Structure formats: structure tokens, C-alpha cells
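With the first letter of the sequence shown counted as 1, position 40 gets the number 40 in the UniProt record's numbering; the numbers rise by one all the way through.
Some hints could be false.
To be verified - What follows is a list of derived Cβ distance ranges for each label pair:
| hint | residue 1 | residue 2 | range |
| --- | --- | --- | --- |
| 1 | L87 | G151 | 47 to 55 Å |
| 2 | V70 | L35 | 29 to 37 Å |
| 3 | L87 | A61 | 32 to 40 Å |
| 4 | N145 | P184 | 21 to 29 Å |
Said to hold, decoys possible - Under the rule of at most 20 Å between Cα atoms (straight-line distance), these lysine to aspartate or glutamate pairs were calculated in the EDC-like manner:
| hint | residue 1 | residue 2 |
| --- | --- | --- |
| 5 | K169 | E193 |
| 6 | K226 | E247 |
| 7 | K169 | D134 |
| 8 | K169 | D150 |
If you're looking for bench data, these hints aren't it; they were derived computationally from the structure. As the structure is a computational prediction, the values presented were derived from the model and not from experiment. The C-beta atom is built at its ideal place from N, Cα and C for all residues, glycine as well.
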Amino acid sequence: MARTRDESSPLFAGNAAGTLRLIVYLALAVVLMVLDQRNGWLWRIRYSAAVVVEPVYRLAALPATGIRAVSVAFADRERLTSQNQRLREDLLLANAKLNRMAAVAEQNQRLKELLDTQHSLELNVQLARVIGVDLGAFRYQLTLNMGARDGVKPGQPVIDAHGVMGQVKEVLPNTSVVMLITDPEHAIPVVIERTGLRTVAYGSREGDRLSLPSIPLVADVRVGDKLLTSGIGGRFPPGFPVGEISEVAPAATGMFLVAHAQLAADIERSADVLLLRDQPEPDGPPPLVKPMGPPSDLAPGADHAATAPPATRAAMRRSARGVSR
């Protein structure tokens, strides 16, 4: 919308007064520029004005600066929280991997011990893994991952790298149940390694040791004596570690010594065990025993007189004369 003549700016008015006012303003501007260029007066004025006006600018920008600072603080906090969460996850993952590696290393060590046991004993064995443990009241048994389909049979001895653990009592198609030697219903013939004394070790209700209730009073049994399988009964081969005597005391009746033994096998931690297979039977019947008889010089028809001593020959002649008469 075009302005009317009355609404026009007085500076650019079309009359002579307006033109003169414009010329005066232009001249004043030129003088100020020349003076500022040569003497720097206006710089001082601007500097003084900036000192006065700058706090006003800062005060006007304070809300925007505060909002920006708050947003940056929240953004930094969120970023730090995210980084902290990510670092914690990485730390947990690293710890899990480290624990897994430690567990694998320990498992490899146990398998190596089992393998060394197999090679050192030169027995026909079968490796099995423990998949179930039942150490409840009056039930001391393990469940293995092998059964009838793998050739497991009832009665097979079970050992680990440290000693005898028990024997198979139940066989299923794919699993088998092992009765531990700590079961109160289990008994194993043992021999004391130091003295050779043979006795029987029974499971105890404590579940972590064996009981030897019928040791003669005169027997030399000490704490620390090693117990080995004696081989009597044919169930367990001789020479396998069973335990170590931890306590010896007279029985309540006073007729025997009662001893307790700690197990040699690591029942609570063994994850892999060995099943002892039946030892190979000899082929064919046993060899014939060489017949025993009198010496060849006493055999019938031999000339005993020629080889007998003089006294013997004289006795033989007298006997012959008596027979002839």
C-alpha cells in the first residue's frame, strides 16, 4: 500500500528543509568517520558503551546458556551411564569367559589324571560322565550317562583318579546307577598297606567316611594308614586306594578296635569316572600239573642195588634171603 504524501518520512521530505537536514546529517557522518579514522575517538566511545552493555547481553543470554548447560549435562550423564553399563556387561562377559576357561582347564586336568590312571594300571576301562548325584539321607549313589547299550553291567567297579568310588548296582538302557562305598549298606574288603592286615570297610551314616568296626585289639593300626582293596571276593581288583585311617578307638564292647577312614576318591567333585571292565579270562583249560612220584631210581625194574649205598645193599640182600626162605 503506497504512502500518501503526508505519511512520508520527514528526512526525505520533498521540500527544501528536508534536503538541508539530509545534507547536514551526511556532513556530520563524514566528519565523524574522519575523526574516528585519524584520532580513534569513536573507539573509546564504543569501548565504554561495550562495558556498559555487555552485562545486559550476558543477562539476556543467561537462560539460553543455562538450558544449553543442562542439556549437555544430561547428555553427558546419559552417555556416561551407557558407557558404564556397556563396560559392566563387558566385564561380566570377560569374567564368565575366564571362569569357563578355568572350569575347562580343571576338567582337562581331571581327564588327564583319569587317562594317566588308565595307562598306569593297564586295565580295560570305560570312561563315563556323572549326570546325577544323590547324597541324601541313606542314599549315596551317582547316575552315569552310560547303560546297557554301552556294555555296562551290574557289579562293575567304579573309580576316579584318586581311588574307589563304588560299584554299579542298576543298569538302564542309557544310564546306570552307582552305589557309593559310603552307603551304609555297602562293604568292601580292604588291606592296610603298612601292615598287610585284612579287614572290611563299611559305609557310614555320615556319608563322607568309612567305618572299620572289627579290627583285632592286638592289630597295629595307626592314624594315617592307607587302605587298599584286598581283592578278596573278586569284585574289586587288588591294590586300588580306598581311604586313609583318620581315627582309631576301642569299641564299646572292648573286644575290637573301631577305626574310621576318609575316602581317597573325590566323590563330591568328580565329574568323570572310570568303569572297570571284567578282566580277560585265560583261553582254554588251565595247564596240567606235572605229576609227582618217586624218583626215577626207585621206579620198578631199575637196578637199585647197583646204585644204592653199601648199607642199603646189605639190607636189600637180607630182605631178599628172607623172602626166598
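Hint check:
| no. | hint | verdict |
| --- | --- | --- |
| 1 | L87 <-> G151: 47 to 55 Å | holds (52 Å) |
| 2 | V70 <-> L35: 29 to 37 Å | violated (47 Å) |
| 3 | L87 <-> A61: 32 to 40 Å | holds (37 Å) |
| 4 | N145 <-> P184: 21 to 29 Å | holds (26 Å) |
| 5 | K169 <-> E193 | violated (28 Å) |
| 6 | K226 <-> E247 | holds (12 Å) |
| 7 | K169 <-> D134 | holds (14 Å) |
| 8 | K169 <-> D150 | holds (15 Å) |
Of the numbered hints given earlier, the model fails hints 2, 5; all others are met.
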